[in-house]
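Peer 1: The task is simple: from the sequences and hints, build the whole structure.
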Amino acid sequence: MKGNYIARSVSDNGALMDPKDQIISLLKEADLYQKQGLLNEAKERYKKATDLIKQNTGIKNGKELIASIVKKVVDLNQKINDINAATSKPTVSGQKQDLIKKLFAGGGDKENYSNLLEGAIALAKFGQFDRALSEFERLLDIEPVRVAAAKNIARCHLEVEAFEEAARCFEKWVDDDRFTNAQLDKIRFFLEGRFRKSGFERELYQHEETVSDEDMEKLEMESESSDKPQADEGLPAVEGQEVDLEDMELPDEDEFLDINSVGILIQAGSRKGRMVELDVSFQTGNSINLIISSKEGELLTALEKGTQLNDMQFFSPIAILNGSGVVTGKTQIKSGPKEGDYSLDITILTT
Amino acid sequence: MATFNFKNREIECKIVYYGPGRCGKTTNLEYIFKTYKKQITGEMVSIDTEGDRTLFFDFLPMGLGKIKGCDVKVQLYTVPGQVQYSSTRKLVLKEVDGLVFVADSLEVRREKNMLSLKDLHENLKSYGTSIFKVPLVMQYNKRDLEEEGIPLMPVEKMNNDLNRQLKAPYYSASAIKGKGVPQTITECLKLTLLNLQKQLKWAK
Chain A
1 MKGNYIARSV
11 SDNGALMDPK
21 DQIISLLKEA
31 DLYQKQGLLN
41 EAKERYKKAT
51 DLIKQNTGIK
61 NGKELIASIV
71 KKVVDLNQKI
81 NDINAATSKP
91 TVSGQKQDLI
101 KKLFAGGGDK
111 ENYSNLLEGA
121 IALAKFGQFD
131 RALSEFERLL
141 DIEPVRVAAA
151 KNIARCHLEV
161 EAFEEAARCF
171 EKWVDDDRFT
181 NAQLDKIRFF
191 LEGRFRKSGF
201 ERELYQHEET
211 VSDEDMEKLE
221 MESESSDKPQ
231 ADEGLPAVEG
241 QEVDLEDMEL
251 PDEDEFLDIN
261 SVGILIQAGS
271 RKGRMVELDV
281 SFQTGNSINL
291 IISSKEGELL
301 TALEKGTQLN
311 DMQFFSPIAI
321 LNGSGVVTGK
331 TQIKSGPKEG
341 DYSLDITILT
351 T
Chain B
1 MATFNFKNRE
11 IECKIVYYGP
21 GRCGKTTNLE
31 YIFKTYKKQI
41 TGEMVSIDTE
51 GDRTLFFDFL
61 PMGLGKIKGC
71 DVKVQLYTVP
81 GQVQYSSTRK
91 LVLKEVDGLV
101 FVADSLEVRR
111 EKNMLSLKDL
121 HENLKSYGTS
131 IFKVPLVMQY
141 NKRDLEEEGI
151 PLMPVEKMNN
161 DLNRQLKAPY
171 YSASAIKGKG
181 VPQTITECLK
191 LTLLNLQKQL
201 KWAK
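Chains as they are written, first to last, in my numbering: chain A, 1 to 351; chain B, 1 to 204.
Some hints could be false.
[Claimed, not checked] Derived lysine-lysine pairs resembling BS3-like cross-links, with alpha carbons at most 25 Å apart: (1) K330(A) / K305(A); (2) K94(B) / K89(A); (3) K96(A) / K34(B).
Honestly, the hints are just simulated from the structure, not real lab data. As the structure is a prediction and not an experimental result, all values here were calculated from the model.
Peer 2: Structure, rendered in structure tokens:
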């Protein structure tokens, strides 16, 4: 077909629409979407309008119109590229970092070491690594949070894939009198695990009294609990607070989830039929340990070694699971701040 | 989870505005900041990018005064709507007490609304809670654009897309003009405080 022609099109609501009107409508939509910051939608409308102009050679000043649309699309592409290229976690002002600490540390305004640790963790979670690192560094002076602070320093470096820097930090701590061999083992074990996961090969210094495989397993079990700040003379106790960046990553699906607390259905006594929630003290694989106050006489009676616990609930940071378990150990704590209380081991059978 | 100070009879709760990018979450907070001067107890803080997109969150502290003998404080937050800020969105959502889901009425944003609601559902699930259990109010924003002749989703259709199962209270709104903003926040506060009253028995 020769000559200029204008093809009629069907609008979104099915009515026949003059192409000129349709082009005007598309351009109006595109401009509005652009104003709204909906850049891809604006681009798509401009493209539709261009196609329509090309199809309808009878449109007056068609070429000029296309040229002006092309210019708008070029500008849009530039904006889209700028947005895509922007870092998702840029460093913000000190004032805003303070606000992040205040709002997301979860420990209130008290200036105790656990809150300081949580504040630094909040900064790291929002990608404010430089400030977080300097705060973790200061926390290395505080015994109860030293290992947690060190592991979080390593995590900050691992987050930005600075594996070598994480290894260098560890080597620096090896020569640092503040760290005991046991603490260094915990950090080394943690780092080696992360290096393995990331496919980064690097030998880390190991002190002469090397740990056996058996000790290593024990260490793995302990690391869950000892990373958490413990109550110490003169320092405020910490209860039920997450103290490291564990929840920055989800565990592998084939591993046991980290269980924070469990719900146990009481099967006898005056509280029969009630669900009691207890914090998990530490966990290794499918074994969890709980500390139960000696004042909980009835509960302790109901939880003798060998008791099968049906209708249990397992609370992890990412899910609540129903399942069952069995009490595999019950011992009274002979010394320390929890003297007289009971340590209960439960093996998770099903979830 | 809200904090309740028994000694001072003070309760502090967290309400989060959720929704797809550019749907008007920040605009809601800006309107509240401008309009409710008496109840605002601090500056509104926005951590955003050059393109006016929320990067981490917006934050607005409010004080509602004494309700049933208890001093009620509210922290309003928005999440970053852009898909790539998923981990930040999840952080902001932690321990939320009440939610406003702001949906964009533009027809071209229909799918984004649904994806954002799904994202909210999944993030809540990851914290061990259900979207059905958290007090939630739906807001269908940008209704004013109808006057401009821009294709919008009918409210009934939006409600069918997003709220068929949730059956949450919903409001049409134009956050830029302030329409529907007070109703949305009032309803959300009401539901949230009722829920906290059930949980914490603070008003007794």
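Peer 1: Against this structure, judge whether each hint is valid.
Peer 2: Quick rundown of the hints versus the structure:
1. K330(A) / K305(A): 6 Å, holds
2. K94(B) / K89(A): Roughly 19 Å separates the two Cα atoms, so the pair holds.
3. K96(A) / K34(B): 21 Å, holds
When the structure is compared with the earlier hints, no violation turns up for any of them.
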